[in-house]
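2 protein chains.
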Amino acid sequence: MVFEKFAGVMLPAIEDQLRGVILSSVSEENCRELAKMLCYHLGWEGDRAGPEAQGKRIRPLLVLLCSAASGSDWQQALPAAAAVELMHNFSLIHDDIQDQSLERRGRPTLWTKWGIAQAINAGDLMFTLANNSLFALKGGKNEAVIIRAIEILHQTSISLTKGQFLDLAYEKEKTIPLESYWPMIAGKTAALLAASCELGGVVAGIEPEKKKAFREFGYSLGLAFQVQDDWLGIWGDVSSTGKSNESDLVTGKKSLPVLYALNMHKAFSERWIKGNIEPIEVVDLARLLAFEGAETYTRETVDRLTREALQALERTDCNGEGMVALRELTSMLLTRVK
Amino acid sequence: MVFEKFAGVMLPAIEDQLRGVILSSVSEENCRELAKMLCYHLGWEGDRAGPEAQGKRIRPLLVLLCSAASGSDWQQALPAAAAVELMHNFSLIHDDIQDQSLERRGRPTLWTKWGIAQAINAGDLMFTLANNSLFALKGGKNEAVIIRAIEILHQTSISLTKGQFLDLAYEKEKTIPLESYWPMIAGKTAALLAASCELGGVVAGIEPEKKKAFREFGYSLGLAFQVQDDWLGIWGDVSSTGKSNESDLVTGKKSLPVLYALNMHKAFSERWIKGNIEPIEVVDLARLLAFEGAETYTRETVDRLTREALQALERTDCNGEGMVALRELTSMLLTRVK
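Sequences listed follow chains A and B, in order.
Reminder that position 240 of the first sequence reads as 248 in the working numbering, one-by-one numbering, no gaps.
Reminder that position 318 of the second sequence reads as 326 in the working numbering, one-by-one numbering, no gaps.
Take these hints with a grain of salt, some might be off.
Identical chains share a label here; the pair holds if one copy fits it or two copies do between them.
The list that follows gives simulated cross-link-like pairs (lysine to any residue, SDA-like), each with its CA atoms no further than 25 angstroms apart [stated by the list, open to error]:
| hint | residue 1 | residue 2 |
| --- | --- | --- |
| 1 | 182 | 43 |
| 2 | 220 | 23 |
| 3 | 121 | 166 |
| 4 | 44 | 60 |
| 5 | 121 | 109 |
| 6 | 44 | 183 |
| 7 | 149 | 184 |
| 8 | 121 | 176 |
| 9 | 180 | 55 |
| 10 | 274 | 240 |
| 11 | 149 | 191 |
| 12 | 44 | 163 |
| 13 | 274 | 35 |
| 14 | 64 | 336 |
| 15 | 44 | 181 |
| 16 | 180 | 47 |
| 17 | 44 | 107 |
| 18 | 274 | 109 |
| 19 | 182 | 83 |
| 20 | 261 | 345 |
| 21 | 262 | 41 |
| 22 | 44 | 191 |
| 23 | 146 | 220 |
| 24 | 274 | 114 |
| 25 | 121 | 100 |
| 26 | 218 | 318 |
| 27 | 220 | 32 |
| 28 | 261 | 186 |
Source of the hints: derived by calculation from the structure; they are not laboratory data.
With the hints as constraints, model all of the structure from the sequences given.
In structure tokens, the structure reads:
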């Protein structure tokens with residue numbers, strides 16, 4: 009696959025760039041433990057460090073692939089690739105504290121190892137480094153490009169915090185309207201994928217309509233990615249891994265299929281309102297959800313959003329191997345089973 | 009006083025600018041509660057809103073006064089003034105969670121009202137808005153100025169998180185060397201005051217040596233300000249307010265006078281190592297600290313740093329009423345009793 013050819017050279021370059029941002033900014037002897045926290049979270053240090061602990065690096069790959077598809081040298085976009093990955097990881101560090109999650113990518117979360125106070129602060133530093141890493145564009149790009157890139161990243165982090173605010177607020181509600189789902193995942197997921205694709209175009213210096221099309225591609229892809237995640241959270245785990253206790257039904261997440269069924273006010277909704285769902289109920293309730301139409305609705309939504317993403321990608325009017333890789337990545341993300 | 013004349017017109021302009029940044033970025037109906045959190049923390053809304061709840065706005069005043077002293081129209085520096093105040097308040101929101109502080113400026117802290125999860129997120133948003141508010145410079149300033157301003161703010165927030173890391177790490181130690189104090193307060197306090205003064209000069213477009221002198225002024229002022237705060241935390245409260253339970257001796261803060269005495273290994277140090285200090289001991293221990301030379305050392309340090317700040321200010325080679333106001337502000341900050 010063309011995607012794998014690109015990923016094979018891009019992924020090591022992304023790790024190098026990330027490592028450079030962190031080690032050049034946190035090099036003091038007395039801050040060694042602080043650097044260690046960031047390196048642990050990024051999957052480079054500590055128990056079970058390695059590719060599994062690093063995550064898929066989807067966002068920086070999108071930056072680089074969109075830059076390559078725009079006909080530019082993708083290596084020039086590495087500072088922007090590092091920026092979006094650091095932004096994503098900052099939000100994960102804080103999310104894990106907010107959700108009291110004990111594990112991330114199969115390892116203890118940062119706050120369980122270093123405490124809440126130091127983990128909040130490490131997240132703040134990761135956030136700053138995300139913004140700051142764009143300054144490495146200074147070597148090759150003009151000031152207007154740098155300012156535009158910073159502006160995109162700022163707008164994205166405003167969207168991220170709004171999406172997170174809604175997510176936390178929804179947790180307190182028994183049920184919410186189906187349409188309330190979209191502004192939440194637009195902020196939490198789609199904003200950063202949209203920014204990643206747009207940044208690839210911005211750094212490549214393409215025309216405004218093309219940048220807009222890349223942005224729309226990332227946005228629809230982000231929505232589709234999240235809805236697919238919601239599908240996996242209910243029907244993926246049970247069938248492929250059998251881990252009922254990790255089902256979104258047990259954690260009480262207001263995912264798209266759940267909201268669909270809650271707004272149908274049928275048997276699933278009646279059960280949900282009664283209180284927490286136990287792991288033993290998960291298989292039956294996943295079937296009930298499907299019976300009430302939530303699985304079909306969810307799959308159709310993924311399909312529609314994927315079509316919209318691919319249509320936007322074609323509107324960029326780009327050609328070549330970068331485009332092939334982006335189409336392949338889209339299809340991989342949306343047919344994944346974990 | 010000249011300072012009061014400036015503050016009388018600058019303070020309302022700062023509030024307007026801050027309000028504009030927040031309301032223009034968080035205007036959606038579904039994020040009303042999020043905007044309310046920020047407005048509460050900034051002292052505009054909720055119980056006991058008002059000037060007392062807003063804080064002194066020292067940092068934005070420094071930006072505007074340094075800009076005025078540089079011979080520029082201070083109103084053009086308002087976006088930078090808002091940026092440093094938002095940065096300061098972001099760090100306070102997260103500090104209060106990290107220190108589990110229940111009160112701030114006489115009111116319940118953000119996290120006690122909205123919970124830790126929402127407070128972390130509101131702090132993240134305040135952080136982003138700090139960076140983003142610099143874009144309002146775009147109307148009147150060229151791109152190089154904006155990039156330089158953003159870069160200063162990023163470097164400052166890296167310093168802030170390093171200082172905070174050290175502060176949190178020191179809490180776990182019984183004692184630390186006296187010299188470890190300086191990198192902590194350099195990051196936690198001096199970095200943002202240095203940035204405030206430098207930003208005033210950057211926006212005014214003055215020469216590099218003058219900007220450097222403004223920065224050094226802010227840095228020394230920040231160190232002096234913090235050491236004075238440490239003095240107040242032990243000898244100020246007890247004599248002027250009698251609130252022994254709020255003494256830094258009770259909270260166990262590793263302030264400069266405490267570190268001085270710990271490194272003398274005399275009677276105070278022996279008592280400190282035995283465990284938490286009770287409010288009833290505070291008056292006697294404050295006397296013991298003074299007897300062991302810690303108060304003289306602390307006062308002399310404030311005096312030395314103040315002299316260094318004023319010398320740096322003169323190196324800016326600026327004249328006029330802005331300079332008079334800065335000298336007055338310096339003297340007010342360092343002779344304050346609360």
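Quick rundown of the hints versus the structure:
1. 182 <-> 43: between (41 angstroms within a copy, 23 angstroms between copies)
2. 220 <-> 23: neither (28 angstroms within a copy, 36 angstroms between copies)
3. 121 <-> 166: between (28 angstroms within a copy, 22 angstroms between copies)
4. 44 <-> 60: within (18 angstroms within a copy, 40 angstroms between copies)
5. 121 <-> 109: Both, since 12 angstroms and 22 angstroms are each at most 25 angstroms.
6. 44 <-> 183: between (41 angstroms within a copy, 23 angstroms between copies)
7. 149 <-> 184: Answer is neither; intra-copy 46 angstroms and inter-copy 45 angstroms both fail.
8. 121 <-> 176: both (24 angstroms within a copy, 15 angstroms between copies)
9. 180 <-> 55: The answer is between: 24 angstroms across copies meets 25 angstroms, while 35 angstroms in one copy does not.
10. 274 <-> 240: within (23 angstroms within a copy, 64 angstroms between copies)
11. 149 <-> 191: neither (34 angstroms within a copy, 34 angstroms between copies)
12. 44 <-> 163: between (29 angstroms within a copy, 20 angstroms between copies)
13. 274 <-> 35: Result: close neither inside a copy nor across copies, 58 angstroms intra and 36 angstroms inter.
14. 64 <-> 336: within (15 angstroms within a copy, 56 angstroms between copies)
15. 44 <-> 181: Between copies only: 19 angstroms across, 38 angstroms inside.
16. 180 <-> 47: between (34 angstroms within a copy, 22 angstroms between copies)
17. 44 <-> 107: The answer is both: 23 angstroms in one copy and 22 angstroms across copies each meet 25 angstroms.
18. 274 <-> 109: Close neither inside one copy (31 angstroms) nor across copies (46 angstroms); limit 25 angstroms.
19. 182 <-> 83: Answer is neither: 48 angstroms inside a copy and 48 angstroms across each miss the 25 angstroms cutoff.
20. 261 <-> 345: within (19 angstroms within a copy, 51 angstroms between copies)
21. 262 <-> 41: between (37 angstroms within a copy, 20 angstroms between copies)
22. 44 <-> 191: between (35 angstroms within a copy, 19 angstroms between copies)
23. 146 <-> 220: both (23 angstroms within a copy, 22 angstroms between copies)
24. 274 <-> 114: neither (36 angstroms within a copy, 50 angstroms between copies)
25. 121 <-> 100: both (15 angstroms within a copy, 24 angstroms between copies)
26. 218 <-> 318: Only inside one copy: residue 218 and residue 318 sit 14 angstroms apart there, 54 angstroms across copies, limit 25 angstroms.
27. 220 <-> 32: between (33 angstroms within a copy, 23 angstroms between copies)
28. 261 <-> 186: within (13 angstroms within a copy, 50 angstroms between copies)
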